[in-house]
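**Student:** Here are the chains, one letter per residue:
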Amino acid sequence: MDRFAWTSGLLELGETLVVQQRGVRLCDGEEKVKFDSGVLLLSTHRLIWRDQKNHECCIALPLSQIVFIEEQAAGIGKSAKIVVHLHPASSNKEPGPFQSSKYSYIKLSFKEHGQIEFYRRLSEEMTQRRWETMPTGRTIQVNKDPQAGRIRAVGIVGIERKLEEKRKETDKNISEAFEDLSKLMEKAKEMVELSKSIANKIKEKQGDITEDETIRFKSYLLSMGIANPVTRETYGSGTHYHMQLAKQLAGILQTPLEERGGIMSLTEVYCLVNRARGLELLSPEDLVNACKMLESLKLPLRLRIFDSGVMVIELQSHNEEEMVASALETVSEKGSLTADEFAKLVGMSVLLAKERLLLAEKMGHLCRDDSVEGLRFYPNLFMTQS
Amino acid sequence: LFQAKYKERGTVLAEDQLAQMSKQLDMFKTNLEEFASKHKQEIRKNPEFRVQFQDMCATIGVDPLASGKGFWSEMLGVGDFYYELGVQIIEVCLALKHRNGGLITLEELHQQVLKGRGKFAQDVSQDDLLRAIKKLKVLGNGFGIIPVGGTYLIQSVPAELNMDHTVVLQLAEKKGYVTVSEIRSSLKWETERAKQVLEHLLKEGMAWLDTQAAGEPQYWLPALFTELYSQEITPEEAKEAIP
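As they're listed, the protein sequences go chains A and B. For the first sequence, our numbering puts the final residue at 386, and the numbers step up evenly by one. For the second sequence, our numbering puts the final residue at 243, and the numbers step up evenly by one.
Just chain A, same shape as in the assembly:
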């Protein structure tokens, strides 16, 4: 920790911020120090740490001081860390919080995550060494100390070599993965071309192609994740899969709907269903496509889309228009209500409460008072008292 110097924390001319991360603690080797909660900034030239509670307390370390860095995975009760091995401090270093240290490394402890991104960026900066080519307002503490050079040659070279090997191995894995990915994508591209050609044929022969063939084709597209331009108009985006899903949903959602007054927003449904599944989750599109089929399959639920674009699932037995009548009563009792107030009273989500009040307004039962203090609804006396 004796390599750090006090700083204003302002970036110099020619110095650029690369990434920053909150909730970082600094450790001097294995020992904790008082710098336990700060924002860690990586620039093209320095590593800067600023205390989150006391912004005046700010220290920095030139990147040129860094020999190499390692990752230390998180453990039980322990945050993930980056270990930064450093050159000895140069004799003309600016004053800092520590005069001396028995360690030649520090640890950056990421209490609020972010270590993966930070490590990646720091590695990049260490490779690019932009501080050497981008001069800044004041001289950088480049370590040209000959004594330091000699020490470096002895102990650290072995470690550096191992790290280089590890980097090469990782690089090899990544490049193999990319190669394989490219080959895979070539094959996927062929599939896309083929599907386009079939889609064109279908378009030309509209009416001559059997429903069965169309359904087969759509399920192929679904498997590949290819968008379906042609048959959407004729049979919708649904496939057998979505039909099954719709039936499943009708079973799963019956009770939750009853518990929530017969109506739920589609985002609520998405979360509920996926939380229950745990694995093999539904995509948002799967959910929407399945819900679009509810009515045609004569299931006891239906999809409804409000003017605002909000999508909900309702029990068939649920009659939003009837609910409007009771909403009117509630509003009349209280004189006037905002969506928030109404939601709290009735025990609904604010989103759906607002939709109900808007529907009541559309039907002429409520009037709005739209001001900066919020949107408030009143019983429509123009209707009842004219």
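Keep in mind that the hints are not guaranteed to be accurate.
Only pairs whose alpha carbons sit at most 30 Å apart, straight line, appear in this in silico BS3-like list of lysine-lysine [to be verified]:
| no. | chain 1 | residue 1 | chain 2 | residue 2 |
| --- | --- | --- | --- | --- |
| 1 | A | Lys196 | A | Lys183 |
| 2 | B | Lys175 | A | Lys162 |
| 3 | A | Lys53 | B | Lys119 |
| 4 | B | Lys115 | B | Lys175 |
| 5 | A | Lys189 | B | Lys135 |
| 6 | B | Lys40 | B | Lys23 |
| 7 | B | Lys174 | B | Lys203 |
| 8 | A | Lys247 | B | Lys135 |
Selected chain A positions facing chain B (in silico; Cβ < 8 Å) [to be verified]:
| no. | residue |
| --- | --- |
| 9 | Phe178 |
| 10 | Glu211 |
| 11 | Glu213 |
| 12 | Tyr220 |
| 13 | Met224 |
| 14 | Gly374 |
| 15 | Arg376 |
No lab work stands behind these hints: they were computed from the structure. Here a beta-carbon is modelled for each residue, glycine too, at the ideal position from N, C-alpha and C.
Fit chain B to the known structure of chain A by using the hints.
**Tutor:** The following block gives chain B in isolation, referenced to the frame of chain A:
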């Protein structure tokens, strides 16, 4: 007669192609399985690789996240990763909506999602969040992505935000607040237009009014308060989110 023969030929051709596609699909599935057995971990652990993967899919016209039933999702597990992230994003936005009116910076969303996922979960990048959010749009809850400064504001309520609103948000991003005079001088608008936009943001709960500021009233955006980053989601707020 000629036309009938032509149509018949056409039918046969399409059937052939469907059969061909079916065979090629099986082959592709095998290739994908092989790829998955070697590199599935890479996708799960490496945000960079995920970006490459997504970009390549987009280039050839394939959406690996369209359906949980797609090959990509089933074999590579990409689906579950993003769909679960979708749930976490919805929950965070819902919990914080009363504070920020349904607008949140990508940074803050990132922080809160990471916190919610816990220490042992896979890391997610901001790119991952953006892709998950793009998929959530289809649920009709008003999810939107607004570029401001060098980053993005995420909208999670069905409030209408047009170009005027977006531009004012971008202006406010620098300091966290904006005034009518600033809008007039930076954007060259009349007072009336500026006021309309600001009032809309106030009504939606996305802006707060500070009438006690020196000079003229300041319109602050809670979404841009950096101090909020460190605040935990309270139990009450968590209850407001999906059980």
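**Student:** Now tell me, hint by hint, if it's right for this structure.
**Tutor:** Here is how each hint holds up against the structure:
A distance of roughly 21 Å separates the Cα atoms of A/Lys196 and A/Lys183; the hinted pair therefore holds under the 30 Å criterion. A threshold of 30 Å between alpha carbons decides the hint, and for B/Lys175 with A/Lys162 the separation of about 47 Å lies outside it, so the pair is violated. Our distance criterion of 30 Å between C-alpha atoms is met by A/Lys53 and B/Lys119, whose separation comes to about 24 Å. Distance check on the hinted pair: B/Lys115 and B/Lys175 sit about 26 Å apart at the alpha-carbon level, within 30 Å; holds.
Distance restraint check for A/Lys189 and B/Lys135: the Cα-Cα separation of roughly 22 Å lies within the 30 Å cut-off, and the hinted pair is therefore satisfied. Between B/Lys40 and B/Lys23, the direct Cα distance comes to roughly 24 Å. Compliance with the 30 Å bound is thereby established for this hinted pair. Restraint check for B/Lys174 and B/Lys203: satisfied, since their Cα atoms lie roughly 22 Å apart, inside the 30 Å limit. As the CA atoms of A/Lys247 and B/Lys135 are separated by approximately 23 Å, the hinted pair is consistent with the 30 Å bound.
With a least beta-carbon distance of about 7 Å to chain B, the hint placing A/Phe178 at the interface is held under the 8 Å criterion. At a threshold of 8 Å, the smallest CB-CB gap from A/Glu211 to chain B is about 13 Å, leaving the interface hint violated. With a least beta-carbon distance of about 6 Å to chain B, the hint placing A/Glu213 at the interface is held under the 8 Å criterion. Interface restraint check for A/Tyr220: the shortest CB-CB distance to chain B comes to about 6 Å, inside 8 Å, so the restraint holds.
Taking 8 Å as the C-beta cut-off, the interface hint given for A/Met224 holds, the closest approach to chain B being about 6 Å. Interface hint status for A/Gly374: upheld, as the beta-carbon distance to the closest one in chain B is roughly 7 Å, under 8 Å. Checking A/Arg376 against chain B: minimum C-beta separation of about 11 Å lies over 8 Å; hint violated.
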